[in-house]
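**Student:** Single-letter residue listing:
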Amino acid sequence: MNEKPEKLIDKKGLRLDGRKIDELRPLKLEVGVLPNADGSAYIEHGKNKILVGVFGPREMHPKHLSMADRMVIRCRYHMASFSVPERKSPAPSRREVELGKVIRESLEPSVFNDLYPRTGVDVFIEVLQADGGTRCASITAASLALADAGIPMRDLVVACAAGKVDDQVVLDLMDEEDKLGVADVPVAYMPSLNAITLLQMDGILTPEELEKAINMAMDGCKKIYAMQKEALKTKYMTVKEVEE
Amino acid sequence: MSSLITRVRKLQIAQTIEKGTRLDGRGLMDTREIKIEQGLIQKAEGSARILLGKTQIVVGVKIQAGEPFPDTPNEGVQTVNAELVPLASPTFEPGPPDENSIELARIVDRGIRESKAIDTAKLCIEPGKKVFVVFIDVYVLNHDGNLIDAAALAAMAALLNTKMPNYEIEEGEVKIKQGYTQLPLKSHPITVTIGKIGNTLIVDPILEEEQVMDARITMAINEEGNICAIQKGGSGYFTPQQIVEASKIAQEKAAELRKKLDW
Amino acid sequence: MPTFFEKKQLVTPGELLAEGDYLPGDNTYLEENKVYAQRIGLVDCENKRVNVVALRAFYVPKVGDLVIGAVIEVGFNGWTVDVKSPYTALLRASDVLSRPFKPQNDELSQVLSAGDLIVAKIASYDRAHDPQLTVSEPGLGKITRGQIMRVTPTKIPRVIGKKGSMISMIKQETNCQIILGLNGVILVTGKSPEDEELAITAIRKIEEESHTTGLTDRITQFLKEQKVKPEEKVE
Numbered sequence: 022m023n024e025k026p027e028k029l030i031d032k033k034g035l036r037l038d039g040r041k042i043d044e045l046r047p048l049k050l051e052v053g054v055l056p057n058a059d060g061s062a063y064i065e066h067g068k069n070k071i072l073v074g075v076f077g078p079r080e081m082h083p084k085h086l087s088m089a090d091r092m093v094i095r096c097r098y099h100m101a102s103f104s105v106p107e108r109k110s111p112a113p114s115r116r117e118v119e120l121g122k123v124i125r126e127s128l129e130p131s132v133f134n135d136l137y138p139r140t141g142v143d144v145f146i147e148v149l150q151a152d153g154g155t156r157c158a159s160i161t162a163a164s165l166a167l168a169d170a171g172i173p174m175r176d177l178v179v180a181c182a183a184g185k186v187d188d189q190v191v192l193d194l195m196d197e198e199d200k201l202g203v204a205d206v207p208v209a210y211m212p213s214l215n216a217i218t219l220l221q222m223d224g225i226l227t228p229e230e231l232e233k234a235i236n237m238a239m240d241g242c243k244k245i246y247a248m249q250k251e252a253l254k255t256k257y258m259t260v261k262e263v264e265e
Numbered sequence: 008m009s010s011l012i013t014r015v016r017k018l019q020i021a022q023t024i025e026k027g028t029r030l031d032g033r034g035l036m037d038t039r040e041i042k043i044e045q046g047l048i049q050k051a052e053g054s055a056r057i058l059l060g061k062t063q064i065v066v067g068v069k070i071q072a073g074e075p076f077p078d079t080p081n082e083g084v085q086t087v088n089a090e091l092v093p094l095a096s097p098t099f100e101p102g103p104p105d106e107n108s109i110e111l112a113r114i115v116d117r118g119i120r121e122s123k124a125i126d127t128a129k130l131c132i133e134p135g136k137k138v139f140v141v142f143i144d145v146y147v148l149n150h151d152g153n154l155i156d157a158a159a160l161a162a163m164a165a166l167l168n169t170k171m172p173n174y175e176i177e178e179g180e181v182k183i184k185q186g187y188t189q190l191p192l193k194s195h196p197i198t199v200t201i202g203k204i205g206n207t208l209i210v211d212p213i214l215e216e217e218q219v220m221d222a223r224i225t226m227a228i229n230e231e232g233n234i235c236a237i238q239k240g241g242s243g244y245f246t247p248q249q250i251v252e253a254s255k256i257a258q259e260k261a262a263e264l265r266k267k268l269d270w
Numbered sequence: 016m017p018t019f020f021e022k023k024q025l026v027t028p029g030e031l032l033a034e035g036d037y038l039p040g041d042n043t044y045l046e047e048n049k050v051y052a053q054r055i056g057l058v059d060c061e062n063k064r065v066n067v068v069a070l071r072a073f074y075v076p077k078v079g080d081l082v083i084g085a086v087i088e089v090g091f092n093g094w095t096v097d098v099k100s101p102y103t104a105l106l107r108a109s110d111v112l113s114r115p116f117k118p119q120n121d122e123l124s125q126v127l128s129a130g131d132l133i134v135a136k137i138a139s140y141d142r143a144h145d146p147q148l149t150v151s152e153p154g155l156g157k158i159t160r161g162q163i164m165r166v167t168p169t170k171i172p173r174v175i176g177k178k179g180s181m182i183s184m185i186k187q188e189t190n191c192q193i194i195l196g197l198n199g200v201i202l203v204t205g206k207s208p209e210d211e212e213l214a215i216t217a218i219r220k221i222e223e224e225s226h227t228t229g230l231t232d233r234i235t236q237f238l239k240e241q242k243v244k245p246e247e248k249v250e
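Chains as they are written, first to last, in my numbering: chain B, 22 to 265; chain Z, 8 to 270; chain Y, 16 to 250.
A hint or two may mislead.
Residues from chain B that face chain Z, not an exhaustive set, calculated with beta carbons under 10 Å [said to hold, decoys possible]: (1) Val105; (2) Glu147; (3) Leu231; (4) Ile235.
Which residues of chain B face chain Z? A partial, calculated answer using Cβ under 10 Å [to be verified]: (5) Val118; (6) Lys122; (7) Asn134; (8) Asp135; (9) Leu136; (10) Tyr210; (11) Met211; (12) Ser213; (13) Gln221; (14) Asp223.
Calculated directly from the structure, the hints in this document are not laboratory data. Predicted, not measured: the structure shown is a model, and the values here were computed from it. C-beta: ideal position from N, C-alpha, C; glycine also.
Go ahead and model the full structure; you've got the sequences and the hints to work with.
**Tutor:** Okay, here's the thing in structure tokens:
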């Protein structure tokens with residue numbers, strides 16, 4: 022059992038991992054990493070390592086789950102047994118089921134699902150290592166995987182969390198801050214449409230703090246969005262200079 | 008999870024709402040009539056039944072001795088489960104909890120847990136070994152929309168009604184004595200769910216409106232007017248401005264309801 | 016009223032392409048007077064119509080399209096065919112057999128069975144029904160030899176080239192028969208496996224460099240070089 026640190030932000034305003042209150046953890050994004058999936062992406066965000074594979078649009082099995090006038094998105098969020106310090110049973114937990122639902126609902130607004138009726142798209146999220154903010158990192162990668170699958174979208178969905186730690190609103194909580202902090206506010210956002218597609222909060226915040234946290238999270242989202250676009254372009258940019 | 012609603016009806020609902028009223032005569036910010044009955048299940052330590060319009064939910068609270076979680080060895084445990092009972096709606100099927108009932112349970116749980124409604128520090132029997140576990144079980148008996156608010160209200164009402172058995176430790180075993188004490192509560196959170204149809208926000212959506220709305224946002228508010236849980240749901244989205252507006256509405260409605268219920 | 020891109024710029028979904036008096040073309044959409052990209056691709060504008068040539072897309076059937084597919088299953092009155100599309104295609108027995116179809120007498124699996132490849136055309140398709148295929152035109156039917164390769168369907172026009180210039184050149188240089196399915200499946204039939212490999216490599220190269228200029232000449236050059244030095248074949 023680790024000892025709980027007394028303060029999560031020190032006198033110099035630095036957090037346990039040395040970050041300032043509005044600093045993102047390091048991020049790495051890669052698109053098209055799974056040869057068998059129709060679309061895929063891999064993200065490292067802080068110590069989070071998450072892989073997403075997308076299959077579809079394709080016929081749904083079982084067929085009775087398909088809808089006559091639209092494409093159905095199914096989302097499975099799953100954590101590997103070794104992703105957390107205490108081994109987690111591979112069986113889906115209630116938390117994973119809820120996260121599958123909210124992640125799906127964060128991606129649905131981005132997709133033109135009336136274009137392909139009677140089909141389904143499966144989004145499989147596998148968390149290989151978790152360190153706070155897995156749902157946000159998952160959404161960021163899942164959106165890239167959907168784009169990689171060639172599914173027409175209104176915008177990429179990007180996600181980032183903010184929260185309250187000690188007495189300050191901070192950006193991008195890591196695991197200890199998530200567990201020991203005062204509040205955690207994950208936000209998913211489509212920048213071109215100014216649309217929030219996921220918003221949750223646990224903890225206690227005044228309405229003013231909530232607004233501050235949402236704005237901080239959206240700023241984080243915008244920075245990550247630029248990285249998403251870069252990752253997509255890198256994948257599809259091929260040999261630059263070709264001899265004439 | 009919806010029974011069929013015709014396109015014509017959907018249009019009708021959307022158009023009426025755009026004009027500022029709803030098909031059941033309510034204003035955009037009006038909650039349906041609420042009736043709460045407590046103590047109906049004598050075999051439970053606490054219980055409550057709510058009628059929110061035609062939505063009907065019964066919550067039973069059972070208290071048993073159990074083991075604490077390793078990271079909170081001296082605190083009681085709270086656990087919430089929700090059942091979307093098949094008799095409540097033609098769309099509910101028997102079986103293990105699906106994502107809707109899991110989400111419902113976890114939202115209700117969050118509101119109670121984050122507001123520290125249950126004073127879990129007072130539920131310790133033997134530090135590190137035995138604590139009281141508070142089982143909150145939500146049974147949806149009729150679905151006419153806004154299960155979240157109804158369930159959260161009924162759960163809180165059931166907790167207010169809950170009595171813990173008196174006990175003593177005899178040779179390491181918990182022995183139940185005569186008499187009861189009220190479950191120690193520190194807060195009475197109230198949950199408000201707001202739906203979005205087109206660009207209009209409405210409070211307490213009825214089932215038909217839920218079938219038309221493209222997103223909902225739920226906020227749990229405590230006595231100080233602070234927010235202790237938020238959950239956006241549905242396959243639509245909110246603009247940041249709409250979120251701010253929703254949080255103001257949630258605070259107002261929570262305060263209004265708090266006064267009415269005298270919580 | 017402005018556009019926000021350079022010709023053939025690589026754009027991502029949600030990227031703002033133009034505002035004002037513009038029409039949303041391929042792989043774009045219009046929202047409040049603004050045109051946005053729907054897919055990752057190369058953007059261009061023609062007569063006020065903003066188009067994105069998608070770099071990643073799947074095939075959506077269109078009536079009249081030539082496609083190459085694989086038989087998945089023999090059913091009661093026809094076959095289900097995989098045309099590499101979100102929708103499974105159907106080929107009715109009545110389309111294949113020249114006489115009226117009798118379920119008791121005719122053994123469908125003798126005609127076509129699971130795993131067979133066919134060249135077909137999309138006979139009908141709408142939002143409510145899976146695509147129906149036909150093989151009743153000359154040049155359509157079961158494939159018996161050759162190699163199959165797949166490219167992203169959006170690259171097929173590039174493989175064809177202006178007025179068929181690219182594909183005719185490849186056929187000539189490699190001595191192969193090449194059938195281009197609009198669903199991105201390509202059949203290459205040559206006199207020897209080496210000729211077929213050469214054609215396949217050339218088409219792969221086109222797929223990778225499709226966004227560049229002078230491609231036809233470069234591929235021609237590449238093929239000529241490969242034929243001269245057979246021992247140093249590029250993999």
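**Student:** None of the hints should be skipped; say for each whether it holds.
**Tutor:** So, going through the hints one by one against the coordinates:
With its C-beta approaching chain Z no nearer than about 13 Å, Val105 (chain B) sits outside the 10 Å limit, and its interface hint is violated. For the restraint placing Glu147 (chain B) at the interface with chain Z, the shortest Cβ-Cβ distance is roughly 19 Å, beyond the 10 Å limit, so the hint is violated. At about 6 Å, the closest approach between the beta carbon of Leu231 (chain B) and any beta carbon in chain Z falls short of 10 Å, and the interface hint on this residue holds. Against a cut-off of 10 Å between C-beta atoms, the interface hint on Ile235 (chain B) holds, since the closest Cβ of chain Z lies about 6 Å away.
Hint on Val118 (chain B) holds. Least Cβ distance to chain Z is approximately 5 Å, under the 10 Å limit. The criterion of a C-beta within 10 Å of any C-beta in chain Z is met by Lys122 (chain B), whose closest approach is roughly 4 Å, and the hint holds. The criterion of a C-beta within 10 Å of any C-beta in chain Z is met by Asn134 (chain B), whose closest approach is roughly 9 Å, and the hint holds. Look at Asp135 (chain B): its Cβ only gets to about 12 Å from chain Z, farther than 10 Å, so that hint breaks.
For Leu136 (chain B), the shortest C-beta to C-beta distance to chain Z is roughly 15 Å, which exceeds 10 Å, and the interface hint is violated. Checking Tyr210 (chain B) against chain Z: minimum C-beta separation of about 9 Å stays under 10 Å; hint holds. Because the closest C-beta pair between Met211 (chain B) and chain Z is about 7 Å apart, less than 10 Å, the hint holds. Below 10 Å, beta-carbon pairs count as interface contacts, and Ser213 (chain B) has none with chain Z, the closest being about 12 Å; its hint is therefore violated.
Here the hint on Gln221 (chain B) is kept, as its CB sits about 5 Å from the closest CB of chain Z, short of 10 Å. At a threshold of 10 Å, the smallest CB-CB gap from Asp223 (chain B) to chain Z is about 5 Å, leaving the interface hint in force.
The structure shown violates the earlier hints numbered 1, 2, 8, 9, 12.
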